[in-house]
Amino acid sequence: MASRRLRILVAKPGLDGHDRGAKIIARALRDAGVEVIYTGLHQTPEMVAEAALQEDVDAVGLSILSGAHMTLFPAVIEELHKRGVGDVVVFGGGIIPPEDIAVLRQAGVRAIFTPGATTQEIVDWVRSSVRPRHA
Amino acid sequence: MADAKKTWIEAVYPKSADRLPAYTTISDMAVDPVYMPDDLDAWSYERSLGHPGTYPFTRGAYPSMYRGKLWTMRQFAGFGTAEDTNERFKFLLSQGQTGLSTAFDMPTLMGYDADHPRALGEVGREGVAVSSLADMEALFADIPLDKVTTSMTVNCSASILLAMYFAMAERRGIGLDRLGGTIQNDMLKEFIAQKEWISPPEPSVRIIVDMIEFCAQQAPRWHPVSISGYHIREAGSTAAQELAFTLADGIGYVQAAVQRGLDVDRFAPRLSFFFNLHSDFFEEIAKLRAARRMWATIMRERFGAKNQRSLQLRTHCQTAGCSLTAQQPLNNIVRVAIQALAGVLGGTQSLHTNSMDETLALPSEPAVLVALRTQQIIAEETGVTNIVDPLGGSYAVEALTDRLEREAFAYIKRIDELGGIVRAIELGYPQKEIAEAAYRYQQQLDRGDKVMVGVNKYQQEHEPPLELLHISQDVERKQAQRVRERKQARNSAAVRAALAAVKRAASEGNNLMPPIIDAVKHEVTVGEISDLFRSVFGVYRDPAWI
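These protein sequences, in sequence, are chains A and B. Position 78 (the first sequence) corresponds to 590 in our numbering; numbering is contiguous. Position 13 (the second sequence) corresponds to 1347 in our numbering; numbering is contiguous.
Treat the hints with care, since some could be wrong.
Claimed, not checked - Partial list, computed: chain A residues near chain B (C-beta under 8 Å):
| hint | residue |
| --- | --- |
| 1 | Arg532 |
| 2 | Tyr550 |
| 3 | Met582 |
Hints listed in this document are in silico derivations from the structure and should not be mistaken for laboratory results. No residue lacks a Cβ here, since even glycine has one placed at the ideal position from N, Cα and C.
Could you build all of it, start to finish, from the sequences and the hints given here?
Set out below in structure tokens:
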């Protein structure tokens, strides 16, 4: 049975303007056959969740290099829940110390990819861990 | 003679024994097995190099370089509250640093006060929180502004932060004409790479020209712009692109200032630059040498500058953040040392060396100390400072310098054809070139075609944890509270009048610096003036190209 293509929102929440990684991931996922929507920079958690809802995505990938990850990841998760799309998978990456990764996983972030992760690792993870939310 | 190299490579060089299928720089520039006199056929000492400190300055901006004066050791620092960073500043100065460099937090950089909803989670995390003059004064408490030079890395809110620095100096009885320092204030590269903006390119450039004009008249020792390639490279560009887009930005500013009616020789001497020091040793040295030669040529031939100091490219450099690894972070100390050495052999005027833990957090005290010591060891123990431009005349270095210059000029020509750098930015040209180069490099890393020790080769299963710098959640609460309290304590009539004056200057096209300096003296905040920019100049939105 054919399932529809995965839809993933790649987002840059907060004020952080470092988009090199986010753009590379977006492109790698797209090249791997995923439908990717890239939000661009400076998104509030509300804007990210709203886009996730409107675009009906299966997962949201957040890229945060500003140190604000402990606030922004949970905030996005909360905003997704508020909109009734709490089943959207949240993952991400950036400059995130190991001790924070554990806390974020507890808060519901499914995976965190830090510097050194290959695009293939991320694509493989998405393929194995993200399912289309609708048929 | 021209065939000697070709003959040798074909007849003698054992190509079949090569370890790798191709030899390229990290920027994918193919390099020859060896360089010979043939490679410098079109080259002449006088035309291509000149003596150190002489046009075209390839060998260095000054005749004696580090024999006369070492580069400024200027570690970029900032986190938490002004008091936290003031302590780090003093620590670094006590350890032998010779200049200050300020990292502000994202809200400050983006024009938001610590109590703004957009600042949530971000206060003090990527740099120091500064919302008003009181913060600036706390930041530089007990620091002799007339004896030490300060660099401030801030762009779209640069006018406000510079105004605060100037207001602070005035309050301490230090004339602006005695103040030395730099403010980054390079918006063109923001649209291209670092992506910290408030308003679109045109009004952003207008503000920069206001600051160039103001400084030329009132603060002639101050560098009102640091034309930057660092961030362009961090975003994933090649060395040639870094060189080209940086100089193209420089051309854009000179053009804008000249269009304003400023005499090029009055402001050009205080334009400064900021380049990246990436891992490919000779490529980086060649890049800096090419930069000096190119800028000298551009200033003389394109803009008719006559003052020798208008032709001299002087630069700060920082070792490449993007080359550091989260895996086996001690290795980063080695990377930084080699990159720093390239900067010194390339003739930098000022240097920041990264800390080994910066792929995980802001620098801890022990880590930044090693980074500073790296510079001191290079300066005191290696002997490289005893000879000016010691690599000058090397066939390889000169060939690479020529090559980078050629490639960079080709990009600049393309930008000219598009209608100049602002137009090129609107079209997304530099941004897309960079994204393309970044993606290509990532693919090379993923395939193992390019190696990152500890990441795709020589990995380690278990690594001991590092003691990282932590920013307490308290910082945000405290700072937001301060901002609220100060806003309450102000003379609101004076604040309103001051803001109105800034608005008038903004709308009527008068120099923004005097009214902003006046406003900050009344504790008008970064956020308030930035909001003014938003309303008068508009808000720029990320085109979000992938």
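The hints, checked one at a time:
1. Arg532: With a closest approach of 5 Å, the arginine 532 (chain A) hint holds.
2. Tyr550: 5 Å, holds
3. Met582: 7 Å, holds
Consistency note: the structure conflicts with none of the earlier hints.
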